[in-house]
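*Asks:* Take a look at the letters that make up each chain.
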Amino acid sequence: EPEVTQTPSHQVTQMGQEVILRCVPISNHLYFYWYRQILGQKVEFLVSFYNNEISEKSEIFDDQFSVERPDGSNFTLKIRSTKLEDSAMYFCASTKRRTAYSYEQYFGPGTRLTVT
Amino acid sequence: DAKTTQPTSMDCAEGRAANLPCNHSTISGNEYVYWYRQIHSQGPQYIIHGLKNNETNEMASLIITEDRKSSTLILPHATLRDTAVYYCIVMAMDSNYQLIWGAGTKLIIKP
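Just so you know, the sequences run in chain order A and B.
Counting in this note's numbering, the first sequence runs from 4 upward without gaps.
Counting in this note's numbering, the second sequence runs from 5 upward without gaps.
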């Protein structure tokens, strides 16, 4: 069964450093998403991406964040200058279509980002 | 904020049916009810969704009340691997397709 993959599973970085989190969505999916989950808290939407551009983004997704689909398979989230409060689990997700009656999102296993 | 209300936690005996309620009293006519779950430290997993009719798939059944103000997710024969946080989410057809996550219900399956 196809699945979303994410690398690395755990990333430790120092405050102020840039990090890139990588995701490989399911191959025939067209819509891609990033979420984050701070330990013990709710899952929070960050950004959605379609046709090589951002569709929606939340207030969390400020100028420090960017997303890119550099080739036909990878989808990346870059944090330019990490802060301690960026420490969280980051989940990538993808969907084939985007209608309310068919909107099953498939999530990757997540990347745990620890900023020290 | 999430437009649903769920109990914080529930227990269920292994092999029994787990019934997870969700209140969505302000749901409007074009909003679907989606259920996801998150097993500890893993990515959320889609379970099932519906509009007004009851739905069943290989994982679960979804029962939506006639007035659509509440629903119940049923795991017919719960196993220890079903221990997870279960999220009930409503989404409109004309929404911006952001999944708004609440705190969910922590379901613990006991042997």
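In case anyone wonders, no lab produced these hints; they're calculated from the structure.
Do not rely on the hints blindly, as some may be mistaken.
[Said to hold, decoys possible] Some residues of chain A that are not near chain B, with every Cβ distance over 10 Å (derived):
id : residue
1  : Val15
2  : Ser69
3  : Gln108
[What the hints assert, rightly or not] Below, a list of computed lysine to aspartate or glutamate pairs in the EDC-like style, where the Cα atoms sit at most 20 Å apart:
id : chain 1 : residue 1 : chain 2 : residue 2
4  : B       : Lys56     : A       : Glu107
5  : A       : Lys81     : A       : Glu59
6  : B       : Lys7      : A       : Glu107
7  : A       : Lys99     : A       : Glu6
8  : A       : Lys81     : A       : Glu71
9  : B       : Lys7      : B       : Asp71
10 : B       : Lys7      : A       : Glu47
11 : B       : Lys73     : B       : Glu59
12 : B       : Lys114    : B       : Asp71
13 : B       : Lys110    : A       : Glu47
14 : A       : Lys60     : A       : Glu71
15 : A       : Lys81     : A       : Glu56
As the structure is a computational prediction, the values presented were derived from the model and not from experiment.
Idealized CB from N, CA, C, for every residue including glycine.
*Asks:* Run through the hints listed earlier and report the numbers of any the structure violates, in increasing order.
*Replies:* 3, 12
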